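Using the hints, put the two standalone chains together into the complex.
Chain order of the listed sequences is A and B. Just so you know, we're using UniProt numbering here: the first sequence kicks off at 1 and counts up by one. Just so you know, we're using UniProt numbering here: the second sequence kicks off at 1 and counts up by one.
These aren't lab readings, by the way, just hints derived from the structure by calculation. All values reported here derive from a predicted model rather than from experimental measurement. Since no wrong hints were added, every one of them can be taken at face value.
A short list of chain A residues far from chain B (calculated; beta carbon distances all over 12 Å):
#1 I44
#2 T52
#3 I68
#4 T69
#5 L183
#6 S191
#7 A227
#8 A230
Calculated pairs, PhoX-like style, for lysine-lysine (alpha carbon to alpha carbon, straight line, at most 25 Å):
#9 B/K73 to A/K90
#10 B/K73 to A/K94
#11 B/K26 to A/K110
#12 B/K73 to B/K140
#13 B/K26 to B/K72
#14 B/K75 to A/K90
#15 B/K72 to A/K90
#16 A/K94 to B/K72
No residue lacks a Cβ here, since even glycine has one placed at the ideal position from N, Cα and C.
Letter by letter, the chains look like this.
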Amino acid sequence: MSEVSTNELLMDCLQLVGQIMIESGAEVYRVENTMYHIANSQNIPDIQTYVTSTGILLTVGKTQSTRITPIARRITDLEKVARVNAVSRKLSAKSITLTQAYDELLTIQKTNYFLPIYLQVLAACIASGSFLIMFGGIWQDFFAAFIAGGMGFLTYLIAHDLTRVRFFSEFTASLVVGLLAYLAVHLQLGSELDKIIIGSVMPLVPGLPITIAVRDLMSGHLVSGLAKGAETVLTAFAIGSGIAVVLSF
Amino acid sequence: MDYIIQIIVSFIATACFGIIFNVPIKRVFFCGIVGAMGWIVYYVSIQREIDPVQASFLGAFAVAIAAHVLAKKYKTPMIVFNVSGIIPLVPGGIAYNAMRSAVENDYLVSIQYGFKAFMISGAIAMGLAFAEVLMQLIFKARDSGRSRFQHVRKKHKRLL
Numbered sequence: 001m002s003e004v005s006t007n008e009l010l011m012d013c014l015q016l017v018g019q020i021m022i023e024s025g026a027e028v029y030r031v032e033n034t035m036y037h038i039a040n041s042q043n044i045p046d047i048q049t050y051v052t053s054t055g056i057l058l059t060v061g062k063t064q065s066t067r068i069t070p071i072a073r074r075i076t077d078l079e080k081v082a083r084v085n086a087v088s089r090k091l092s093a094k095s096i097t098l099t100q101a102y103d104e105l106l107t108i109q110k111t112n113y114f115l116p117i118y119l120q121v122l123a124a125c126i127a128s129g130s131f132l133i134m135f136g137g138i139w140q141d142f143f144a145a146f147i148a149g150g151m152g153f154l155t156y157l158i159a160h161d162l163t164r165v166r167f168f169s170e171f172t173a174s175l176v177v178g179l180l181a182y183l184a185v186h187l188q189l190g191s192e193l194d195k196i197i198i199g200s201v202m203p204l205v206p207g208l209p210i211t212i213a214v215r216d217l218m219s220g221h222l223v224s225g226l227a228k229g230a231e232t233v234l235t236a237f238a239i240g241s242g243i244a245v246v247l248s249f
Numbered sequence: 001m002d003y004i005i006q007i008i009v010s011f012i013a014t015a016c017f018g019i020i021f022n023v024p025i026k027r028v029f030f031c032g033i034v035g036a037m038g039w040i041v042y043y044v045s046i047q048r049e050i051d052p053v054q055a056s057f058l059g060a061f062a063v064a065i066a067a068h069v070l071a072k073k074y075k076t077p078m079i080v081f082n083v084s085g086i087i088p089l090v091p092g093g094i095a096y097n098a099m100r101s102a103v104e105n106d107y108l109v110s111i112q113y114g115f116k117a118f119m120i121s122g123a124i125a126m127g128l129a130f131a132e133v134l135m136q137l138i139f140k141a142r143d144s145g146r147s148r149f150q151h152v153r154k155k156h157k158r159l160l
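Pulled out of the complex, with its shape left as it was, chain B reads as follows (with noise of 0.2 Å):
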């Protein structure tokens, strides 16, 4: 129950987030779609105590992936999708810890909040950015009709 909870609410929050940047609105129910599912791979990999910095890089992991296979399917630039995906996942709630420790004069937990919120960021642009090569990698692959490797086997064959 919590699961489906959790589901529907990102849902309405990252596709009122596509309002919020002015997505063409034909496209706002997906952002809704690619924003849910980002969030549902977080918080599942949360439930199951997973670290939030591995649990941020799955989630952009997954954000990136869906709108990927959206942007082709759509020819709609990615950015139109991932945007507002990406926001659930930004760490608000630590960064806001951060302050607030800095406002008490409690610099030594401030600094532990603000690192952990910094790993988090880096984990979400590695997620990003892997999710990109790899789709980068199988359009490719399917576009030219034989993957890399196989291209690569041939090449060594030759040499052989």
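Next comes chain A alone, as it looks inside the complex (with noise of 0.2 Å):
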């Protein structure tokens, strides 16, 4: 293969890398760090990249064109980060080629790891009873918040899937949580409606931007750490604003 083609191959590899990582919620420093790798198991050490949350430049060697991929939609999916991590290291160890690789990238790219939906409510469910117990909740509250944190997820799956707008969901999602906290208040199968809200709202917590956002942050990367950073707030604030609503009625 000439020289040129191979470029165009690893360009190709780099690319598909930086934004199955990026999209699937990893940081800055990572998917930098795993384009140089590979770009060095392949004796290329001389590559740019510049990654922020919202998109990629990236450029190999001196003479060839830049590469852009700008990301729209970011969810959390740390499976996927795991396994382009596992080619990644591969590649370094020389077991697979980097066309092996590139298809083993778009195949990661392809599929879905998603665990079925009942499971994923199921677990929201018993994350939210369980956190009503460690924030100091009485055992009879505990169905209340399975219930209202398991709806309050479906409905933020269902919202996210129609909508495809991430502040609206999560405000539909905590409204739900808390009209049915109070619902189960108000026919008496829970009795601290405080605490049965805030255990269901915590499956919504946009828990990856946080860590994402301070070890970007640390790490030198202003960009994509405000930008992971204003995510949060958003989030936290639709999150607000819909409990809100219950409450003030």
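Listed below in structure tokens is the structure:
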């Protein structure tokens, strides 16, 4: 294979790696590090990257053109991050070739690794109930938080699927949580409204953006850090306003 | 008994969060362990009447240390382990109180709660960052076979 076409394949690979990792919620430092490792494994250490959480710029060598990848949607899918990381490790250990790696990356991009929705909702149910106990709630309220948390998370998934607007889906979900908690207390299935709401809202909390924002800011990627921070604040605000609507009646 | 219940419940809660974040299914168990460690450090600190801000710092520190060790051991990105562990430390209750006071037109109290939530978030960030720096120093020292301080001392000797 000639040098140019190897470089083209490498760029395709790096672009795909960056896109999958940023879309699944990896931090900038890890994405850039993975890219350098892959390039090094192909004996092309001379690459320049500029990765942010909304787009990637990438150049290999001095003569080739620069590639740009815009990124519009970001979800939390840590399995994809781990799998891409494994591919990069295999490349570094020279146990697969670049072509094989590219095929694997394409498969990773296309496959949906999420568990079935009923399992995710069940996990949200159990998590909400457990958080109720952790925040000092009583066992009698467990059932109310179990239902409210699960239904809230289900609403979030459905609304996000329909509208693709994260702010709106989180607002609707926390509205549902608030209403169900209020209903539970009204029907005397639960006693402490505050604790039930706090526990059931937890599955909506933007855990990944918080962690990533801190790590990006600390490693000097200020643009991505601030972007993630803004995402966190917006989400928190959406959840808060959904609850506020219920509380104000 | 109370501590045992808290450990079990926090283990279950953070493992469930691992499922929501789609952590590789083999690692969900370790997510639970990291989360339970962070929460029990936080919970014990709160029971000893340490301020929530410091307690959150300690909890986040414990989570990050545990996540780093596991990430090195299983050669998996660190966020796989620490994301769900951080969740219990997030000041949800205080943010809720801030929102509630704001809705009741009690803005002064709302700002108090809001600032407290802000401080706790900052403490969590500091805990994560400190643990990261510490672990990097330790791993660097282990990998190069000598600590930074020995290196400095050697240089110093030559100067003398």
